[in-house]
Amino acid sequence: MAKGSGSIYIKMVSTAINPKTGKKTGYFYVTKKNPKSLNTTEKLVMRKYDPVVRQHVEFKEEKMK
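Numbering (the working numbering), first residue to last: 1 to 65.
Check before you lean on any hint, since a few could be wrong.
[As the list claims (entries may be wrong)] Capping the alpha-carbon separation at 30 Å, the derived lysine-lysine pairs in DSSO-like fashion look like this:
(1) Lys32 / Lys11
(2) Lys23 / Lys36
(3) Lys36 / Lys60
(4) Lys63 / Lys24
(5) Lys65 / Lys24
For the record, the hints were derived by calculation from the structure and aren't laboratory data.
It should be emphasised that the depicted structure is a prediction, and the values quoted were computed from it without experimental measurement.
Given these sequences and hints, build the entire structure.
What follows is the structure in structure tokens.
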């Protein structure tokens, strides 16, 4: 039998500020991370689409709660 996938889920949270409210949009993606890359100290950063502000912005890694 095969082992479990071993991948961990992470939450990618938008860094964009909503122009109407002046607060963060709160939009996030959930994705998998390779467990072998957990030795890195810096957090993962990706540019993805945030539909709240309708543009591509940086998303930073946060822990799942």
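Exercise for the section: Given the hint that Lys32 pairs with Lys11, test it: the Cα-Cα distance must not exceed 30 Å. Expected result: holds (9 Å)
Exercise for the section: Take a quick look at whether Lys63 and Lys24 sit within 30 Å of each other, Cα to Cα. Expected result: Given that 30 Å is the threshold and the Cα spacing comes to 17 Å, the pair holds.
Exercise for the section: Would you check the hint for Lys23 and Lys36, treating anything up to 30 Å between C-alpha atoms as holding? Expected result: Distance ~35 Å between Lys23 and Lys36 Cα, so the pair is violated.
Problem - 30 Å Cα cutoff - pair Lys36, Lys60 - result: holds (19 Å)
Practice task
Would you mind confirming whether the straight-line C-alpha gap from Lys65 to Lys24 stays at or under 30 Å?
Solution key: Status holds; Cα separation ~19 Å.
Checked against the numbered hints above, the structure violates only hint 2.
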